[in-house]
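Enquirer: Assemble the whole structure, with the sequences as input and the hints as a guide.
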Amino acid sequence: MAFALGSLHVASSEDATVSRHRWSGRANELKHDDALDGYFAPVIERARTGGLAVEHHFEELEYFNSSFISWVIRHLRKTTEAKLKTAIYFEPKSSMHRSSFEALRVLQTNNPLLEVLEARSKP
Amino acid sequence: MSPAPLSLSLKGDASEIDGAQRQVARFVAAQLGEDAAEAMEMVAAELLENAVKHGQADGRGVELVVEEAVRFIEVISSVRPTDLARLEERVKWLSAQTDAQQAWLSALSEVFERGEFGLGLARIANEGGCRISLRMVSPGRLAVRAYRVS
Chain A
1 MAFALGSLHV ASSEDATVSR HRWSGRANEL KHDDALDGYF APVIERARTG
51 GLAVEHHFEE LEYFNSSFIS WVIRHLRKTT EAKLKTAIYF EPKSSMHRSS
101 FEALRVLQTN NPLLEVLEAR SKP
Chain B
1001 MSPAPLSLSL KGDASEIDGA QRQVARFVAA QLGEDAAEAM EMVAAELLEN
1051 AVKHGQADGR GVELVVEEAV RFIEVISSVR PTDLARLEER VKWLSAQTDA
1101 QQAWLSALSE VFERGEFGLG LARIANEGGC RISLRMVSPG RLAVRAYRVS
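Residue numbers (this note's numbering), protein chains in the order written: chain A, 1 to 123; chain B, 1001 to 1150.
Heads up, a few of these hints could be off.
[As the list claims (entries may be wrong)] Listed below are the simulated DSS-like cross-link pairs for lysine-lysine, each with C-alpha atoms no more than 30 Å apart in a straight line:
#1 B:Lys1011 - B:Lys1053
#2 B:Lys1053 - A:Lys31
#3 A:Lys78 - A:Lys93
#4 A:Lys83 - A:Lys31
#5 A:Lys78 - A:Lys31
#6 B:Lys1011 - A:Lys31
#7 B:Lys1092 - B:Lys1011
#8 B:Lys1092 - A:Lys31
#9 A:Lys78 - B:Lys1053
[As the list claims (entries may be wrong)] These stretches of chain B come out as covered by chain A in the derived footprint (C-beta under 8 Å, 3 or more residues):
#10 1010-1020
#11 1033-1039
#12 1042-1050
Simulated from the structure, these hints should not be mistaken for laboratory data.
Just so you know, even glycine gets a beta-carbon here, dropped at the ideal spot from N, CA and C.
Expert: Put into structure tokens, the structure is as follows:
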């Protein structure tokens, strides 16, 4: 399964335990909510009924705006409410990734379902 | 000889932001290097997105200036009066914060708790290392300036 919005791309796959989403390109729409929620609502439902964890791999994202960060946070709220274990991976060599994604560790407080992790950098 | 500032006149269309952002990145990279370019590209994009989101379509367009030594980026646009009050409130809130990173973490938590909280200006302060000021340059025309402080 795949999703595209402008130059933003998501390639999705699934195995027995994880619904995995690999993001790339530039997330710079003024408003991402309708398009991304339309794609991810069935993903959340399928993960909930199938007992799958959700993984978002943001390490290949070249640029993202604050509207995208807001969408990510609202999405994490939805996966938390659906009681889904959710992990997000960011590129630790990118200061943009560290400033925004690493900062989302603030949401891990009292939320054992959420993990914010550094991706293993490519050699 | 110092270079001329980068000055762009835009219609105020969302489709113009990506191109403007890339021009700012090239200009800043030439002055300050790639690391600063990434941060200031983000600052320019967030200022332009705010101008488009809160803008009033009155045909006067949007002006973006990057000062020659990249001490500041300024965006001038027409603003809706109701949105102006919200922007003023947000800048006042940010100015009262002693730590930009703490303000950013508070803003992220607000989005999680309440679902809504404009993140753009808090991101400019934290990731862009900028202070933000607002001033009216003519009736209905707002200048938002992001000064680089770190």
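Enquirer: Compare the structure with each hint and give your call.
Expert: Here is what the structure says about each hint:
1. Taking the CA atoms of Lys1011 (chain B) and Lys1053 (chain B), the gap is near 13 Å; set against the 30 Å cutoff, the hint holds.
2. At most 30 Å may separate the alpha-carbon atoms for a hinted pair to count; Lys1053 (chain B) and Lys31 (chain A) meet this at roughly 10 Å.
3. Among the hinted pairs, Lys78 (chain A) with Lys93 (chain A) is consistent with the structure: their alpha-carbon atoms are about 29 Å apart, no more than 30 Å.
4. For the proposed pair Lys83 (chain A) and Lys31 (chain A), the alpha carbon gap of about 26 Å is at most 30 Å, so the pair holds.
5. Simply put, Lys78 (chain A) and Lys31 (chain A) have alpha-carbon atoms about 18 Å apart, close enough for the 30 Å limit, and the pair holds.
6. Using a Cα cut-off of 30 Å, the hinted pair Lys1011 (chain B) and Lys31 (chain A) holds, with the two alpha carbons roughly 19 Å apart.
7. Taking the CA atoms of Lys1092 (chain B) and Lys1011 (chain B), the gap is near 29 Å; set against the 30 Å cutoff, the hint holds.
8. Only pairs whose Cα atoms come within 30 Å are accepted, and Lys1092 (chain B) paired with Lys31 (chain A) is accepted, the gap being roughly 25 Å.
9. For a cut-off of 30 Å, the pair hint linking Lys78 (chain A) to Lys1053 (chain B) stands: about 25 Å separates their Cα positions.
10. Closer than 8 Å: that is the beta-carbon criterion, and the region 1010-1020 of chain B has 3 residues meeting it against chain A, so the requirement of 3 holds.
11. Counting residues of the region 1033-1039 of chain B whose C-beta sits closer than 8 Å to any C-beta of chain A gives 3, which meets the bar of three, so the coverage hint holds.
12. Counting residues of the region 1042-1050 of chain B whose CB lies closer than 8 Å to any CB of chain A gives 4, which reaches the minimum of 3, so the coverage claim holds.
The earlier numbered hints are all upheld by this structure, with none contradicted.
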